[in-house]
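Participant: These protein sequences, in sequence, are chains A and B. Note that my numbering has the first sequence beginning at -7, numbered continuously upward. Note that my numbering has the second sequence beginning at 12, numbered continuously upward.
The set of hints was computed from the structure by calculation and includes no laboratory data. Predicted model, so just to flag it, every value in this text is computed and none were measured. A few of these clues could be false.
As the list claims (entries may be wrong) - Only part of the chain B face toward chain A is listed, based on derived beta-carbon distances under 10 Å:
1) Ile26
2) Val30
3) Gly34
4) Leu37
5) Asn65
6) Asp104
7) Gly144
8) Val156
9) Glu158
10) Thr160
11) Ser162
12) Thr163
Quick reminder that beta carbons are idealized off the backbone N, C-alpha and C, glycines included.
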Amino acid sequence: MKKDFKALTDVRLSGLKVDANLKQRILSDIKHREEPQVKKKLSLSAAIALAIILVTAAAFALTEGFGLFDLMATYMTPEYATVQPEAHDLLKKDLATAEFDHVTVTVKEAVYDGRYLRIVHSTKDKAATAPFDEKTVGELSNGNFVFEAAEKDGVWWSSVDSVEANGQHLNPLGSAGVVAGPGNGETIAWIQYDMSEIDPGDSLEVNIPIRGRQSLEKKELAFTLDMTELPGVYHVREVPEKDFGDYSLKITNFQISPIRVYLDFDLTFKPGVPMEKVEEIMGSWALGEKMTLGDAKGEIVLKPADFGGWGYYQDERLNTEFKMEEGADYGHDVIIDAARPVVGLVLGEYLTQEKYPDTFVLTNGTDVIEIPNLKAE
Amino acid sequence: MELCQVPGKEKEADISLLVERHGDTLLRFCFLYLNDLQLAQDAVQETYLKAYQNLERFRGESSELTWLTAIALNCCRSLTRSAWFKHEDRRVDLSLLPQASEPFDPKDDTLITQVMALPRKYREVVLLHYYQGIKLREIAQMLSVPEGTLSTRLRRARERLRSQLKGWYFDED
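Chain A extracted, bound-state conformation (with noise of 0.2 Å):
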């Protein structure tokens, strides 16, 4: 068995391979993580809290619409692209544009929900005189197409592994993807990124660093959003922490807008909680099965989008580390001081509704918290 499997298995799966997009990413995020101005104050042990995830769009038809919205329900099911009207009102298009001796790079659309700013750009070959071909968009999808004209220009078409807004580095967080776009030799990518450590205030000056690998001249996209009004934006109000005895519960952020539902906790387990009974806690709220967020009656649930994420602070709060096993080449997330709490966070996303509950309940099947839905101040 052992030769057939791995063989046939190796034969199989041969088209999944790390493309060079993804090895990209895998540099980007080591050297994003090392890089001392990257000052995140919630660095995340869990993958999916800090990744790009890459959309294979194989079955995006060159009919449909090609804004974000359009673009969002490309990964894994329509659904992801439920929006609410308030949505379209904080969409901002064509943005900017520069022209490169090869093809022309555009910022189609931005938007920001008060935790992500999201963006489509568009790379076209000024040379092309026909949108990309099936085969073409069939590379595309799976990581393969090399976009000659593009790499001429050494731009970046496929992603942007970081932009500043407003002289602040961010991080790429989310979904993203690249898709054949309806223009001659286009392509559109969309991506998000993290603003949940930055005010962006009454305004927010993105420069997106769109050629700057190599010797080649550096060149930025910039543009402005106005921030001053966010419609169907809004914090709910601050409830307290909650004891549930070995640990205590407290909302850091709880947001809804027209696009996503964020709610963000700590977990803080008291001295001497072994780390196996914190995994088992930290589990069944962040990735349990039971863990909902909803009405009290479990007629309204809401229903989690992209992936959130989960992880332990690494600030002056850190108390947990990655340990090999003596001996060994692996290791486990283990405790630092027994006798400092542990504090972990979770970070929900969920899709939006038409409704809300009067008071949300959120629970992870033992332990409930109940929060008004009521604006904050």
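The hints should help you fit chain B onto chain A, whose structure is shown.
Facilitator: Just chain B now, with coordinates in the frame of chain A:
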């Protein structure tokens, strides 16, 4: 591992080398474990980040691939605990994958999907032993499970596969 001689860039270059050497195998392993290509890519990305952070501690007592697989296994396990993961449709459909670059027998899908459909404790040991080629002694250390227990799991996994795929792939029959 042979280090690259770029001052200040050794670790990054080493990881790049490890991606070249083992990236495809790890991606396939993670896919077989998670049944989700996007999550498998996430798991591979996180695997290499953890490998980067622990590169100095890799003593070469196991092979590079065994070491990376142990890290990848932890990443996959974390992802499978996700509520979001559990809410997704977990049915196996290999036809949605990028097209294989080598010709294959469509009948082979049956064995792969049956392995992917095994309960996790059986699937883990089958993938680690039969796909990654790791010895049971090393898997036992990796999973903190007695070797005898692993042997039993492997036997039961084979029994399950045998009953479903009788006469197909069991060269010992």
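Participant: So which hints don't hold here, by number, going up?
Facilitator: Violated hints (numbers, rising): 6, 8, 9, 10, 11 and 12; every other hint is consistent with the structure.
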